[in-house]
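Number of protein chains: 2
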Amino acid sequence: MRIVVDAMGGDYAPQNIIAGVVDAVKEFDVTVTLVGIEPQVRKHLSGYDYPKDRIEIVHAPEVVDMHDSPTDVIRKKRECSITVGINLLKQPGYDAFISAGNTGACVAASTFFLRMIEGVDRPGIGLVIPQVNGFALLIDVGANTEPKPEHLYRYGQMGRVYVQSVMGRNDPSVGLVNIGEEEGKGSGFEKQAYQLLQEKLPRFVGNIEPNELFTSKADCIVSTGFVGNVIIKVSEGLMESATTVLKREIKKSPLAMVGALLMMGALRKVKKQADYSEYGGAPLLGVNGIVMISHGRSTPKAIKNAIRAAMREVEHKILEKMRSAIVGA
Amino acid sequence: MRIVVDAMGGDYAPQNIIAGVVDAVKEFDVTVTLVGIEPQVRKHLSGYDYPKDRIEIVHAPEVVDMHDSPTDVIRKKRECSITVGINLLKQPGYDAFISAGNTGACVAASTFFLRMIEGVDRPGIGLVIPQVNGFALLIDVGANTEPKPEHLYRYGQMGRVYVQSVMGRNDPSVGLVNIGEEEGKGSGFEKQAYQLLQEKLPRFVGNIEPNELFTSKADCIVSTGFVGNVIIKVSEGLMESATTVLKREIKKSPLAMVGALLMMGALRKVKKQADYSEYGGAPLLGVNGIVMISHGRSTPKAIKNAIRAAMREVEHKILEKMRSAIVGA
Numbered sequence: 002m003r004i005v006v007d008a009m010g011g012d013y014a015p016q017n018i019i020a021g022v023v024d025a026v027k028e029f030d031v032t033v034t035l036v037g038i039e040p041q042v043r044k045h046l047s048g049y050d051y052p053k054d055r056i057e058i059v060h061a062p063e064v065v066d067m068h069d070s071p072t073d074v075i076r077k078k079r080e081c082s083i084t085v086g087i088n089l090l091k092q093p094g095y096d097a098f099i100s101a102g103n104t105g106a107c108v109a110a111s112t113f114f115l116r117m118i119e120g121v122d123r124p125g126i127g128l129v130i131p132q133v134n135g136f137a138l139l140i141d142v143g144a145n146t147e148p149k150p151e152h153l154y155r156y157g158q159m160g161r162v163y164v165q166s167v168m169g170r171n172d173p174s175v176g177l178v179n180i181g182e183e184e185g186k187g188s189g190f191e192k193q194a195y196q197l198l199q200e201k202l203p204r205f206v207g208n209i210e211p212n213e214l215f216t217s218k219a220d221c222i223v224s225t226g227f228v229g230n231v232i233i234k235v236s237e238g239l240m241e242s243a244t245t246v247l248k249r250e251i252k253k254s255p256l257a258m259v260g261a262l263l264m265m266g267a268l269r270k271v272k273k274q275a276d277y278s279e280y281g282g283a284p285l286l287g288v289n290g291i292v293m294i295s296h297g298r299s300t301p302k303a304i305k306n307a308i309r310a311a312m313r314e315v316e317h318k319i320l321e322k323m324r325s326a327i328v329g330a
Numbered sequence: 002m003r004i005v006v007d008a009m010g011g012d013y014a015p016q017n018i019i020a021g022v023v024d025a026v027k028e029f030d031v032t033v034t035l036v037g038i039e040p041q042v043r044k045h046l047s048g049y050d051y052p053k054d055r056i057e058i059v060h061a062p063e064v065v066d067m068h069d070s071p072t073d074v075i076r077k078k079r080e081c082s083i084t085v086g087i088n089l090l091k092q093p094g095y096d097a098f099i100s101a102g103n104t105g106a107c108v109a110a111s112t113f114f115l116r117m118i119e120g121v122d123r124p125g126i127g128l129v130i131p132q133v134n135g136f137a138l139l140i141d142v143g144a145n146t147e148p149k150p151e152h153l154y155r156y157g158q159m160g161r162v163y164v165q166s167v168m169g170r171n172d173p174s175v176g177l178v179n180i181g182e183e184e185g186k187g188s189g190f191e192k193q194a195y196q197l198l199q200e201k202l203p204r205f206v207g208n209i210e211p212n213e214l215f216t217s218k219a220d221c222i223v224s225t226g227f228v229g230n231v232i233i234k235v236s237e238g239l240m241e242s243a244t245t246v247l248k249r250e251i252k253k254s255p256l257a258m259v260g261a262l263l264m265m266g267a268l269r270k271v272k273k274q275a276d277y278s279e280y281g282g283a284p285l286l287g288v289n290g291i292v293m294i295s296h297g298r299s300t301p302k303a304i305k306n307a308i309r310a311a312m313r314e315v316e317h318k319i320l321e322k323m324r325s326a327i328v329g330a
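Heads up: the protein sequence lines correspond to chains P and F, in order. Heads up, the first sequence is in the numbering used here, so the first residue is 2 and it goes up one at a time. Heads up, the second sequence is in the numbering used here, so the first residue is 2 and it goes up one at a time.
What the hints contain is simulated information worked out from the structure, not anything from laboratory work. Glycine is no exception: its CB is placed at the ideal position from the N, C-alpha and C atoms. Be aware that a few hints might be false.
[To be verified] For each label pair, taking beta carbons as the anchor points, the in silico distance ranges come out as:
hint: 1; chain 1: P; residue 1: Q193; chain 2: F; residue 2: R116; range: 54 to 60 angstroms
hint: 2; chain 1: F; residue 1: R76; chain 2: P; residue 2: E183; range: 15 to 21 angstroms
hint: 3; chain 1: P; residue 1: T245; chain 2: F; residue 2: P62; range: 19 to 25 angstroms
hint: 4; chain 1: P; residue 1: K318; chain 2: F; residue 2: D122; range: 50 to 56 angstroms
hint: 5; chain 1: F; residue 1: H68; chain 2: P; residue 2: E321; range: 35 to 41 angstroms
hint: 6; chain 1: P; residue 1: R249; chain 2: F; residue 2: K218; range: 42 to 48 angstroms
hint: 7; chain 1: P; residue 1: E321; chain 2: F; residue 2: E200; range: 49 to 55 angstroms
hint: 8; chain 1: P; residue 1: E183; chain 2: F; residue 2: Q41; range: 25 to 31 angstroms
hint: 9; chain 1: P; residue 1: R3; chain 2: F; residue 2: D172; range: 58 to 64 angstroms
hint: 10; chain 1: F; residue 1: M117; chain 2: P; residue 2: K302; range: 50 to 56 angstroms
hint: 11; chain 1: P; residue 1: Q193; chain 2: F; residue 2: P62; range: 35 to 41 angstroms
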């Protein structure tokens, strides 16, 4: 199996990306194609000991930054690591693409160059969110800010395939993010989406209120990209500010400082549990290819985890399964 | 000053409500009118020692529960504590109304019986959200799930008056919740709202991403009621699940248990900081009367704080100021 990785994308690229890739090829049965500015990639790689035949480099002279608009990347940056990497997927032998770079550019380039799965109009980004006792997949977290109800129905179908294949849960349930539990709650969009999901989607379990996201029993939870993005950003901001306040309080008392040392492990666990970036990539669902979008702040471990998640998608032939789920419904 | 309090609203009514009211009349220069089922209210009050002339009871034989639809409350429960209490505000000598009951019913009854401030089409619920270094006012957190851009403009105007008068900040700034920082981000609604706020609202500081809600320098932050409601519910759910995970981790290690004891004060501070219900009421802005909506799980302290916040609104003649801000703009 061969996974294409954008060496230039992310806040700590290429160093974190390359460190994660090296760990991955040592640990997993995978070959990685690093796409980026070759001399830079080569230089960073030279510091590592790894099986040389398991990492190859494809040169891409241009780099996308976080301020490049998605359409500009498609039109003007045809030689950047994102477009070069995604286009590799059209050749045989390249199985998946991973980038921690500009999310909008990844979504646009994937949609433009790979096209959509038949029956799917708009891609959605899925994100594995940690729960008190497990995980759930939230779709969409930002690809499609103003979806139609039908888009959420497709997310539900694809999410069920993903959760069943990659996360190993049988006949997964699907919920809808809404601000009330009962049918008929929310805005016009949520009411329509509820009706459609209720009518057409197997195992639809109704509305999930945002305070239940981290405990809910739904395996897959669908929302507009706007609301999904708000959810992950609020969570991020709240954990960060809680950490700031906690550190400030601890500094006020020597006893609390000792206490913090003694319970450092437990505190780290909570932080880690709430940190989405730990879980590697977020699958871009709906395009004709396996694309995984990683957090801009990805650690080497997150990159390694994204590679493993992409490998699982390939092993489980997720694209074929999604195609038949959509055609068969 | 006389504040009307719904004795029957909230998960722990009437006991928490009455305990908070008793504390308030002892601590502040205020008279409270408790509205509810008189024998029940009287029974709970009899356990307290307080200045008798500072709490009066108005009988309301009906009770609204969380499942009553707002329109049913207006049409069919004219004798419930919410409608009776709100209608008292139309009589001279009653200055504000507070309820920890059914939010939708409070919004609907306030809008129906008190009517709107001239120029305002839809009410919005403001909520004081804790930040790392202070507070900000978020409007709307659930009254108006599908607003027009003009509604957000009115929220900005009213929010500025509230923050200046009640929270004591000079010439408050206003931000818009959006999933990107730059102008032109978000859905069609956010783009339109940005333009309007930019053009007409003094001190508009642009988009606020949800991860910056707890650190942002904007004094007042406007959003749709749907998104505002998602924000507060995600925060609530995340803090609860983080607490669950932390407790579970602590139990695994005796050292961590000792650590937790030593830093209990710091941990409590973090939880309290993130707990909106601590801050008393959420002002319902836009109606012709001072109405404060408290969290269903309000503690006696939260009720006392809501009474103090309502008193400040009365003292600062917030309705007059809002009327002239809107007419003058």
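Going down the list of hints, with the structure as the test:
{"no.": "1", "hint": "P:Q193 / F:R116: 54 to 60 angstroms", "in the structure": "violated (31 angstroms)"}
{"no.": "2", "hint": "F:R76 / P:E183: 15 to 21 angstroms", "in the structure": "holds (19 angstroms)"}
{"no.": "3", "hint": "P:T245 / F:P62: 19 to 25 angstroms", "in the structure": "violated (50 angstroms)"}
{"no.": "4", "hint": "P:K318 / F:D122: 50 to 56 angstroms", "in the structure": "holds (53 angstroms)"}
{"no.": "5", "hint": "F:H68 / P:E321: 35 to 41 angstroms", "in the structure": "violated (46 angstroms)"}
{"no.": "6", "hint": "P:R249 / F:K218: 42 to 48 angstroms", "in the structure": "violated (18 angstroms)"}
{"no.": "7", "hint": "P:E321 / F:E200: 49 to 55 angstroms", "in the structure": "holds (52 angstroms)"}
{"no.": "8", "hint": "P:E183 / F:Q41: 25 to 31 angstroms", "in the structure": "holds (28 angstroms)"}
{"no.": "9", "hint": "P:R3 / F:D172: 58 to 64 angstroms", "in the structure": "holds (59 angstroms)"}
{"no.": "10", "hint": "F:M117 / P:K302: 50 to 56 angstroms", "in the structure": "holds (54 angstroms)"}
{"no.": "11", "hint": "P:Q193 / F:P62: 35 to 41 angstroms", "in the structure": "holds (40 angstroms)"}
In this structure, the earlier hints numbered 1, 3, 5, 6 are contradicted, and the remaining ones agree with it.
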